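If you read the protein sequences in the order shown, they are chains A and B.
In case it helps, this note's numbering puts the first sequence at residues 920 to 1619.
In case it helps, this note's numbering puts the second sequence at residues 7 to 264.
Take the hints with a grain of salt, since some may be wrong.
Reference excerpt, derived from the structure (chain B facing chain A, CB under 10 angstroms, subset only) [said to hold, decoys possible]:
1. Val154
2. Leu220
3. Ala238
Label-pair distances were calculated between CB atoms; the ranges are [as the list claims (entries may be wrong)]:
4. A:Pro1160 with B:Leu139: 29 to 37 angstroms
5. A:Gly1387 with B:Leu189: 50 to 58 angstroms
6. B:Ser14 with A:Val1282: 46 to 54 angstroms
7. B:Asp54 with A:Gly1387: 27 to 35 angstroms
8. B:Ser40 with A:Arg1556: 52 to 60 angstroms
9. B:Ala66 with A:Pro943: 43 to 51 angstroms
10. A:Val1282 with B:Trp17: 31 to 39 angstroms
11. B:Leu189 with A:Val1282: 28 to 36 angstroms
12. A:Glu984 with B:Leu139: 40 to 48 angstroms
13. B:Leu139 with A:Val1282: 23 to 31 angstroms
14. B:Ala66 with A:Arg1415: 34 to 42 angstroms
Read the hints as simulated data drawn from the structure, not as lab findings.
In this text the structure is predicted, and so the values were computed from the model without any measurement.
By construction, the Cβ of each residue, glycine as well, lies at the ideal position given by its N, Cα and C atoms.
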Amino acid sequence: MIAARLVVASTLGSATLAIACSPPIPTPPPVVAEPTAALRPPDVVGPIPVASRVLDWSIQARLDEAAHRIDGHARVRWRNTSRVAVTRMPFHLYMNAFRAEDTAWMRESRGSHRGHEARDRGAWGYIDVTKLARRRDLGAGREGDVVALAWHEAEDPSLMEVVLDEPVAPGASIDLEIDFVTKLPEVFARTGRAERFHMVAQWYPKPGVLHDDGTWRAHVFTYHSEFYADFGDYEVELDVPGDMLVGATGIQTDVVEDADRKRVTYRAEMVHDFAWAADPGFLEYTAQHDGIKIRQLVLPELAATMGAHEQAQIAALDSMQPRFGSYPWTTITIIHPPESAGGAGGMEYPTLFTTSPVYQPGVPARIIGLRERVSGVFTTVHEFGHQYFQGILASDEHAQPWVDEGMNTFSNALVLEDRHGADAWLVRVGDLSLHTSDFVRMSQFDTASLQIIDGDADAFSPVIGGYGSTVYRKTVGVMMTLRNLVGAAAFDAALRDYAIAWRFRHPTGAELEAALRDGLGDTVVVATSSATDAATADVKLDVAEFLEQGLRTTRIIDFRVHSIVNRRAQGHAGWHRNEAGVLVGGDPPLAEDAEGAPGSEAVVVLHRAGDFVVPVEVEIVFDDDTVTHRMWSGRQRTQTLQFDRSVARVRLDPAGHLWLEHRRLDNHRVAPGAYDDGLSQPVGDVVEGAALAVLVGVGP
Amino acid sequence: MNALRRASAAWRWVLCIWLGEVVIATFGAYGIRSHIATAMDGLAMPDDRLLYAVAEHTHAHPELVVAMVVTLATSALLGFVVWIVLAPLVLLRLRAGAPAPAVASLGSAWLGSIGGIIATSAWHLGLRVALVLGLAAVLGTLPPSIAVWIAFAVVLAATCALDFSRVAVVTGTARGGSPRTALDGFAALGRQPRRAAAMAGLAAGQWLLVVGGLVLLVRTGGESLALMRACAAAATFLGVFRLAVAIDADAPPSRGPA
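Only chain A is shown next, with the shape it has when bound in the complex:
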């Protein structure tokens, strides 16, 4: 009886608590008017290189929801901006990655992506080109007839090659007409559908990128390869069921409703991809910041945290625009995939990205004071960051994924720094925190020396692992370590110069490194973190050497304080020759405490345990609590420091500048004697407390 009462009381209490704790769904504010131009004013956008306008698209697409099928017709004008004539064009058919079990993507992924599985036959998706032709240009705006072209899929169906009927000369253009059918997979890897939610990405044939020397860049779509494409303008008409709310790249220019269907037209400028999402249950939340319309589309069950995502989006804009130049487009659309379509979350497309839910802590997590910035808020910052690192700075994600993924994650750390202070915490439990640098370091525990950063996407096999910790987080470690060593102002200026110079272009890693070398200089004098100790003039950082080690070797940074020896200083006791050459003296050594004894001296031995050569700051605390800082070049394996007084403790990298160093517990040594290591006591105390709780729990 009492048990039943207690159960009922607890249940009611819990239910009340659960209801009280369920965040309310905010009422969508009035919708901000759609901008009339896809790009912001020219003085905000900045110069757009003429050679960057390569593709102009006009696409009509009809979604057959029941058949999970899109029938598309694309008309694309492609310009040859290279120095050679072109007779063939490779196209990406990314959706064919999901066509069968033996595609390159499926073989590598084994039907799994970021923990989401391809579950059944419905997981298959494909794109089938049904017609491809060239439309003759008769000049003066007159269109001629069409000439059918031959095409064939490559060995892997994610690529096809089109054979042109006549060469396209340098500077000339060609108009292609393409009919295609896209079958949407059940979403588990970025694109597809789940129930009535549709995330339609990589859904049309996309040409490769022709480099200036006439070589095409087009890659087989593999597990880590992602995308690479040219800039251009898009005019896209989407024919969808009438109850669906659509979000897409660019601005919405027209809606025509017709019985139970509607045709929504979007226009985008200077983008290299077009993606869209649709769901009848979407709620629409809009806001405006700095003249940019922020549009969020979300199902009611995820709507409670709209405000957190909006604030994250604004923080990212406020940080990245001053750092990397103005955001050039007038809209940014954030899609919140439902739980059933979790595989679509966390992906970037021009002016549109998908995010992930903000973690909602339960009662136990709230009791222990758990707070975090690593779930949905970070996803929003990260995916928006891609608007710069790949959206505007359109590097080849297959050839050098670190140039966008790594640099973007680095820029996310800067967003957090601008918003919350240097090395902001990402997780807090009560008074304890894990900071951004801690996450970078922890990611290196098992993978620091596994693979180099500067490899192509295919070098990172899912079997080996370590793609995320190397390409994303180790790049953050490299860049933040360099920034800390050379000074934030100089580094930020160099990176901004790179971002402005390569806007709307296809930068490579080499060009990023060159920009950093140009901005920073070949060598940089490294200062200590202490305001009172001047820079050690002879300790310089070789920027190129640092980047070479960080990006193209598996060397790790690891320093340790090998030893501290305090001992009696030696005096002059014993026999010495005088000026006349006669041995004099012979006094016995003085006792340490005798009057006139020479006192103490200290010998400190530092050890570079890792192979990565980099300067490191040394903090020395003497017995009288005075402190001095100096830089060690780190070029030798060991460094011996001598002092004419006793040393109490020595700490390497006291400011935590070396984000690439994950073994930190050997950086701080205390002179022999009783001391508090700082770790055994608190850990032991927590274990003792837990044991006490257990004992009381099983006791009386």
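Here the structure of chain A is known, so what remains is to put chain B in place on it, guided by the hints.
Same frame as chain A, now just chain B:
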């Protein structure tokens, strides 16, 4: 004599039980402290980032995690066994009220009831296992935020039922070897709902104290161990108080002043 006075009169016992708990916990944690201190060997944390230091250390010494788990499991086992042995002594002491009975009479009474206490504790253990298995199927279908409270209520009920059974064995009104004694413990929850509610409240208070102390200890990174020990002392007293409430119903008239 009311239950609070019974419990208060046995304050030395409360103190001894608490000291025993502290000694066991300290001894268990000593191994952890020594392990880390030995590994550090002259090194010290380079900054105040305890979570990262713990992550780095446990990555380098994964055996530490095993040692922590073993420490807690050993504490649980030790506490369980020791308490089975001590329970009849405490119950007899509480039943006697004030002044404290002679050691010899306590000893002989303990020898007479220890077998029954072990047996009824074993029956209760079996019933708890059955309860856990039965509840797991039900709770698995509920939201975690609700399931955890139901599980907590069942734990409190099982605790009170065991108290009733032990009191019955110690007072000689039931045989420890019989499963019926264990079942009667649960039946007593319905027969004496007010008493059971009071006992459950005290048991909940115990949990609140130790879990609260532990949460604070974790949140402060081990800086509030003294407070945790104080919480354990208070919780131990509440536990003895709870037993005194259970025994009040069956206790003979007190030999001491009321």
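Starting from the hint 43 to 51 angstroms, judge whether the C-beta atoms of alanine 66 of chain B and proline 943 of chain A obey it.
-> holds, 46 angstroms
Holds or violated: alanine 238 of chain B as interface residue toward chain A, Cβ cutoff 10 angstroms?
-> holds, 5 angstroms
Taking the beta carbons of glutamate 984 of chain A and leucine 139 of chain B, is their distance inside 40 to 48 angstroms?
-> At 46 angstroms between Cβs, range holds.
Could one say that the CB atoms of serine 40 of chain B and arginine 1556 of chain A fall in the range 52 to 60 angstroms?
-> violated, 32 angstroms
Could you say whether the range 28 to 36 angstroms given as a hint is met by the Cβ separation of leucine 189 of chain B and valine 1282 of chain A?
-> Holds, at about 33 angstroms.
Does the Cβ pair aspartate 54 of chain B, glycine 1387 of chain A satisfy 27 to 35 angstroms?
-> holds, 28 angstroms
Range hint 29 to 37 angstroms: satisfied by the CB atoms of proline 1160 of chain A and leucine 139 of chain B?
-> violated, 49 angstroms
Take a look at whether the Cβ-Cβ distance between alanine 66 of chain B and arginine 1415 of chain A falls inside 34 to 42 angstroms.
-> holds, 39 angstroms
Given a hinted range of 46 to 54 angstroms, is it respected by the beta-carbon distance of serine 14 of chain B and valine 1282 of chain A?
-> For valine 1282 of chain A against serine 14 of chain B, whose Cβ atoms are near 34 angstroms apart, the range 46 to 54 angstroms is violated.
Would you say the C-beta atoms of leucine 139 of chain B and valine 1282 of chain A sit inside 23 to 31 angstroms of each other?
-> Holds: the Cβ-Cβ distance is about 25 angstroms, inside 23 to 31 angstroms.
Does leucine 220 of chain B pass the interface hint, meaning its C-beta sits closer than 10 angstroms to a C-beta of chain A?
-> holds, 5 angstroms
Residue hint valine 154 of chain B, partner chain A, criterion CB-CB below 10 angstroms | holds, 8 angstroms
Hint violations for this structure: numbers 4, 6, 8, all remaining hints satisfied.
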